[in-house]
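**Student:** Take a look at the letters that make up each chain.
2 protein chains.
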Amino acid sequence: MDEFALIRQYFTNNTASVTESSSFVGIGDDCAVLDASQGDLVVCKDILIEGRHFFADVDPFLLGHKALAVNLSDLAAMGAKPLACLMGIALPKADPQWLKPFSQGFKALAECFDCALVGGDTTRSEQGIFISVTALGLAEQPHVLRSNAQVGDDIWVSGELGAPKVALELLLLQQQRSLNHAELSLLKATRRRLEQPEPQVTLGLLLKPYVHAMIDISDGLLQDLSHILKASQVGAIVYEEQIPIDGALLDSEVLNPEQRSQAVLAGGDEYQLCFTASLNNRSYIEQLALSSGTKLRRIGKIIAESDLVLLDSKHKVIENLPQGFNHFA
Amino acid sequence: MDEFALIRQYFTNNTASVTESSSFVGIGDDCAVLDASQGDLVVCKDILIEGRHFFADVDPFLLGHKALAVNLSDLAAMGAKPLACLMGIALPKADPQWLKPFSQGFKALAECFDCALVGGDTTRSEQGIFISVTALGLAEQPHVLRSNAQVGDDIWVSGELGAPKVALELLLLQQQRSLNHAELSLLKATRRRLEQPEPQVTLGLLLKPYVHAMIDISDGLLQDLSHILKASQVGAIVYEEQIPIDGALLDSEVLNPEQRSQAVLAGGDEYQLCFTASLNNRSYIEQLALSSGTKLRRIGKIIAESDLVLLDSKHKVIENLPQGFNHFA
Numbered sequence: 009m010d011e012f013a014l015i016r017q018y019f020t021n022n023t024a025s026v027t028e029s030s031s032f033v034g035i036g037d038d039c040a041v042l043d044a045s046q047g048d049l050v051v052c053k054d055i056l057i058e059g060r061h062f063f064a065d066v067d068p069f070l071l072g073h074k075a076l077a078v079n080l081s082d083l084a085a086m087g088a089k090p091l092a093c094l095m096g097i098a099l100p101k102a103d104p105q106w107l108k109p110f111s112q113g114f115k116a117l118a119e120c121f122d123c124a125l126v127g128g129d130t131t132r133s134e135q136g137i138f139i140s141v142t143a144l145g146l147a148e149q150p151h152v153l154r155s156n157a158q159v160g161d162d163i164w165v166s167g168e169l170g171a172p173k174v175a176l177e178l179l180l181l182q183q184q185r186s187l188n189h190a191e192l193s194l195l196k197a198t199r200r201r202l203e204q205p206e207p208q209v210t211l212g213l214l215l216k217p218y219v220h221a222m223i224d225i226s227d228g229l230l231q232d233l234s235h236i237l238k239a240s241q242v243g244a245i246v247y248e249e250q251i252p253i254d255g256a257l258l259d260s261e262v263l264n265p266e267q268r269s270q271a272v273l274a275g276g277d278e279y280q281l282c283f284t285a286s287l288n289n290r291s292y293i294e295q296l297a298l299s300s301g302t303k304l305r306r307i308g309k310i311i312a313e314s315d316l317v318l319l320d321s322k323h324k325v326i327e328n329l330p331q332g333f334n335h336f337a
Numbered sequence: 009m010d011e012f013a014l015i016r017q018y019f020t021n022n023t024a025s026v027t028e029s030s031s032f033v034g035i036g037d038d039c040a041v042l043d044a045s046q047g048d049l050v051v052c053k054d055i056l057i058e059g060r061h062f063f064a065d066v067d068p069f070l071l072g073h074k075a076l077a078v079n080l081s082d083l084a085a086m087g088a089k090p091l092a093c094l095m096g097i098a099l100p101k102a103d104p105q106w107l108k109p110f111s112q113g114f115k116a117l118a119e120c121f122d123c124a125l126v127g128g129d130t131t132r133s134e135q136g137i138f139i140s141v142t143a144l145g146l147a148e149q150p151h152v153l154r155s156n157a158q159v160g161d162d163i164w165v166s167g168e169l170g171a172p173k174v175a176l177e178l179l180l181l182q183q184q185r186s187l188n189h190a191e192l193s194l195l196k197a198t199r200r201r202l203e204q205p206e207p208q209v210t211l212g213l214l215l216k217p218y219v220h221a222m223i224d225i226s227d228g229l230l231q232d233l234s235h236i237l238k239a240s241q242v243g244a245i246v247y248e249e250q251i252p253i254d255g256a257l258l259d260s261e262v263l264n265p266e267q268r269s270q271a272v273l274a275g276g277d278e279y280q281l282c283f284t285a286s287l288n289n290r291s292y293i294e295q296l297a298l299s300s301g302t303k304l305r306r307i308g309k310i311i312a313e314s315d316l317v318l319l320d321s322k323h324k325v326i327e328n329l330p331q332g333f334n335h336f337a
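Residue numbers (our numbering), protein chains in the order written: chain A, 9 to 337; chain B, 9 to 337.
With the rest of the complex left out, here is chain A (with noise of 0.2 Å):
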């Protein structure tokens, strides 16, 4: 099968309505075309790597879902609604059945978002599978930045943490032997986060209005807030206590506190959003938790000095802060 023809088969025909105006082009041209009017245009792309990012067996319909699904959580966390994506990837061969499922999951959340896929490159890799999505979304000014956290805001977090870094850590460790069953429990309880990460998308439009920065956490809690910290030249304090943590690590005997703590805070792979707002929108905020049924925790505060602090139970300081997940490090 030649690149033209494996194209066209799984990556077209797209729902989505980019080629139902005449104003639009979509795949088979040089370049896709697009109406980016209404408003300012926002773009992100990541990349994910095989052995890196993700297993070699992994199941390519949720790898075609996670490859659109942390770019656009990119868009979310700049309160974006998805105008088009473009993907680009390189494997070592056409084999169509993992193209069809992995386009398929592509395509099931492009629609979900009405994100039209308009183009891309698709080539042979030497070895192993690469891919690098585009995402382009729209957004009105002024936009949620990191750099715009303000002295006294409150910090939110979105969502429970924690799942998908003990996930990856159950799946690395079946790689050495077999998992017993509280293991095995645990890994069908976490590996959903992991495998099928859900951008939250509607979230950041609904909160764009409200807070003063936003970012996602796909680095780890930490870390991700420390980059606000620094591009606002503030600090923080967070009170452990109050991050949310997802049910499944609660309810295992397989984590010790100190990984539990871990994986919430460092974790990478978690797509949920973490903002800072004024208590003046505490309310609505909390009222927004509650008619969307998403949740929404205030985990700290917004201080003058440059430092992050994090506060046990008893409001004591935890020393050694865990790293965030760095792709040199």
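Since the hints were derived computationally from the structure, they do not count as laboratory data.
Careful: at least some of the hints might be erroneous.
Since the list gives no way to pick out one identical chain from another, each pair is judged satisfied if it fits inside one copy or across any two copies.
Cut-off 25 Å, straight-line C-alpha distance, at most; resulting in silico cross-link-like pairs (DMTMM-like, lysine to aspartate or glutamate) [to be verified]:
no., residue 1, residue 2
1, LYS101, GLU134
2, LYS216, GLU206
3, LYS309, ASP162
The structure presented is a predicted model; accordingly, all values stated were derived computationally and were not measured.
Position chain B relative to chain A; hints supplied.
**Tutor:** Leaving out everything else, chain B in the frame of chain A:
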């Protein structure tokens, strides 16, 4: 060095205006934010893989240049003005000796076309370098598509063809054995066309109002022309003797006529433009070629029958057309 320091050090401080306008957000947030309201948004993405699209020991400055050039060439084929770009790169280690010249080559070309580097992703690969660049541009309607070639149109091509393919073949040969003097001369005369292609952005902008269909010929002249023909549901007569050949190929005794013909007709990695235009615009296009010093040659005509007919100097049909570059062939 951690990922973030790496990105900051080599891929920031772009001289383009992105950081000077308050409505723009560049590298360092979840997404870049751009004003794309002055035209329709034109977007493309190309992948370059070590061992497939470039040699491991290629000059990193030239590779940085090429990584952007191949994308700007796609914008050129749409007659679009570059707006911004994103760099995705995975590499086995963060080596400053490599990253510094790579980023310099990339940014030097970006500056040439006022195409700000606004974001991307950097990560570690298990093996080999993988580059995925996304380029964004702006173009006014009506757009120059592949699908609008008209029966009776002249077929044109810019530049002189064949050098990239010849350089590639010689570099591959050099991995097998030492090159002789004539081969080394030919490599020296052709190598820059392979490693530092000049995207025809300015030419694309000038041509846009006067052409019906346009494409860059990165997959080789005949293959890319056939994309126009298929999209437009037309055919073509092409006169082989009209096709412009790189002077280095004509001067050298290394190549036999068949090798030369193969390089010119089917050699990939050409970043020239092939386009079709009405006879009414012939004098404008010839004038544009003269005044801009750009070589533009009429090589054939669009016909109604869906076929690509190549004629030799005696107007006899050449059978067995060479195949173009095909990633999964």
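**Student:** Which of the listed hints are not met by the structure?
**Tutor:** The structure conflicts with no hint, since it agrees with every one listed earlier.
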